[in-house]
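Q: Chains as they are written, first to last, in our numbering: chain R, 107 to 371; chain S, 472 to 918.
In case anyone wonders, no lab produced these hints; they're calculated from the structure.
We treat Cβ as the ideally placed atom computed from N, Cα and C, and that holds for glycine.
One or more of the hints may lead you astray.
Anything over 10 Å on all C-beta distances counts as not near chain R; from chain S, calculated [claimed, not checked]:
{"hint": "1", "residue": "511"}
{"hint": "2", "residue": "618"}
{"hint": "3", "residue": "678"}
{"hint": "4", "residue": "747"}
{"hint": "5", "residue": "761"}
{"hint": "6", "residue": "771"}
{"hint": "7", "residue": "785"}
{"hint": "8", "residue": "808"}
{"hint": "9", "residue": "812"}
{"hint": "10", "residue": "819"}
{"hint": "11", "residue": "879"}
{"hint": "12", "residue": "884"}
{"hint": "13", "residue": "900"}
{"hint": "14", "residue": "905"}
Pairwise CB distance ranges (calculated) [claimed, not checked]:
{"hint": "15", "chain 1": "R", "residue 1": "300", "chain 2": "S", "residue 2": "892", "range": "33 to 43 Å"}
{"hint": "16", "chain 1": "S", "residue 1": "671", "chain 2": "R", "residue 2": "233", "range": "16 to 26 Å"}
{"hint": "17", "chain 1": "S", "residue 1": "892", "chain 2": "R", "residue 2": "339", "range": "18 to 28 Å"}
{"hint": "18", "chain 1": "R", "residue 1": "178", "chain 2": "S", "residue 2": "622", "range": "51 to 61 Å"}
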Amino acid sequence: MTRLLTAAILIAVLVGALLARPAVFIVLVVLVVVLAWHEYARLAQAVGALPVSAPGALMSAAVAASFAAPRPSTMVAVLVAAILASALACLRDHYRDPSGLVRALAATISGMIWIGMLLGCQIGIRTLPAGVAWLLLLYGSVAVGDSAAYYGGTAFGRHKLAPHLSPNKTIEGSAFGLAGSALAAVAAAYLLLPGLMPATAALLGVVLGLCGQVGDLLESALKRAAGKKDSSGLLPGHGGVLDRIDAHLLAGGALWAILTLGWLT
Amino acid sequence: MFDIATNILALLFVLGVLIFVHEFGHFFVAKAFGVGIEVFSLGFGKRLLGFRKGDTDYRISALPLGGYVKMVGENPEEEVTGADNEFLSKPKWQRFLVLVAGPVMNVALAFVFTVAVYQLGIRVLADADDPVVLGLIEPGTVAAASDLQVGDRIVSVDGDPMPNWEQFRLLILISANQPLTLGVVRNGYELEIPVTPAATGEQAVGRLGVYSVLPPEVGPVREGGVAEAAGLRRGDLIVAVDGESIGHYNPLFGKLSDRVGQGVTLTVERGSERFEVVLTPQLDEQGAVVVGFTPEPDRILKIRSYPLGEAIVRAGSEIKSQSMMLGEILKRLFTGRMSIKTLSGPIEIARFSGGAARTGDPSVLLQFMAFISLQLGILNLLPIPVLDGGQIALILFEGAIRRDLSLKVKERIMQVGLILIVSLMALVITLDVSKLIPDSWWDLLPF
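Pulled out of the complex, with its shape left as it was, chain R reads as follows:
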């Protein structure tokens, strides 16, 4: 029940933010970036890489927000500035003892890209024409794929997918997940994006589903390395923010890239 209630609130907040003006969605994403960054920083600390915490969160937020900028060059400029600032912050922390510098810098910049940039892609999608419809397709195919993988795996799972990273995932479950993602994308295209052919939508769904599963595995691996079950206890019944968005990170990035490159038009 707690899990369902939390999910209901999260979905309602997301729907509200999508219904409102683009600025509202941007604020929501930036908030999620900051929360997810802190969970990431704690996981990274547990494996001995010390990202600079507060500056990292700020830089990640800036990188995410830069996706709302009208000119692409702005995004690059913000990213470069964020890398510079991170380097300075890491140097400040480590200039007496440079032994951990490379690990700290690597953890900071990869977190900035993994969370700030990939979540920022969703801001980028929101500002595109029919952005809300594309986002709904993204969330739909990742969520349906996730559920399909869980139920398909529970019922038919025989062969382990990645026993060292996430012991409960199976190849059968993964296949069900991809099929679910494809179906959800076709349904979303039919309902929301009349210009998108069903075959293209199915292929897109498979790509997004695959990215979702890889993103999921990536976070599982990070948690496993850190010896934690959840990224935090912020969302009752769901673990942390990072647990909730892990699958959407790579998938959102992929969708933004595909749309920006104009492969679907």
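Given chain R, work out where chain S should sit, using these hints.
A: Frame of chain R; chain S shown alone:
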């Protein structure tokens, strides 16, 4: 910051009174039937303060978005012993009355407050009771693109008679993107004119772009102001601006605002005289345009007050028409003909409460509280589980099938209802918060 503080205080006061009255309804009827009361709480969640009297703990709790009365033996999962003071030991009709008492008290409160408001006198737009005769059609609006003309009298909408501006405005407000057929009388002929009000503003309310007759007449003139310097007097009628004739007050101010710092020639009628004056609009410290005069206040707002008898009758019909309007709004929300963005949650209610309180006019606050109380009463009667109406529906249903549903089924129904209500709350609060986020934040960023 001062506004935020008064908003919060006003919200606590408004909701506190309404919730107290609601819970008192449940409490009083339950007591009357001999049901034991364990807790009487304003607010949900953690107990903040309170006192114990008899078997009842009277308390104020942390989350001020509701309240509850916890009766003995109310929860079927808990120990129901069959003792006489338990809620579930009471016959169905008694349980029904206990449940219905809360919402009924809210409707009653709305009624009492509305009677008081009518006695104190209510401020309404001056044209509220006037027939819908068009005095101005704003360029670039839906009305301007339609066949409507100044001087037309709108007598019906979709076949329903339309007696006055007040009702007409309300209907247009809730008819965004809805095709309407206006029955119009022009020069003694009856016409039918189709219009579709545009959706405007953050709340996506309907707008047509028509105004009632408001002559371009000079009201109070500020001493030492630019209008006095130009020689204008109260009661002057401005018939032309720079030789361009003008028939309505609204465009007058617009035309003057465009000419700040420049002399504008106004053609004035005073009695039988007709002459020209030159007025120079200026900016004040806040950057607002100053023209040195305002319209006649009683042409904008008027106060309606009524003796007790008529106040009761009017309050009754006001409550009825507001209830019908609420029903209509619910119908439109469910059929998707009205956007969910028009709903207001606690934050918006706080802003409105604060605004009402800051006017310093008790009748404004009473009117607002009556409005919210009525909504609280009626919405609580909707057959949604966890609300009073859901429990009432369950009792009626069990009465109709002549047996009780199993605990498991009831529990499921409650869970579905809880999820529904919590989602709706979260959605409405998100939309509330989104109204606080200015677009301009974005312009502050360097990219």
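Q: Take the hints in turn and mark each one as holding or not.
A: Results of checking the hints against the structure:
no. : hint                         : in the structure
1   : 511                          : holds (26 Å)
2   : 618                          : holds (34 Å)
3   : 678                          : holds (19 Å)
4   : 747                          : holds (47 Å)
5   : 761                          : holds (33 Å)
6   : 771                          : holds (32 Å)
7   : 785                          : holds (38 Å)
8   : 808                          : holds (16 Å)
9   : 812                          : violated (6 Å)
10  : 819                          : holds (13 Å)
11  : 879                          : holds (14 Å)
12  : 884                          : holds (13 Å)
13  : 900                          : violated (8 Å)
14  : 905                          : violated (4 Å)
15  : R:300 with S:892: 33 to 43 Å : holds (34 Å)
16  : S:671 with R:233: 16 to 26 Å : holds (23 Å)
17  : S:892 with R:339: 18 to 28 Å : holds (25 Å)
18  : R:178 with S:622: 51 to 61 Å : holds (55 Å)
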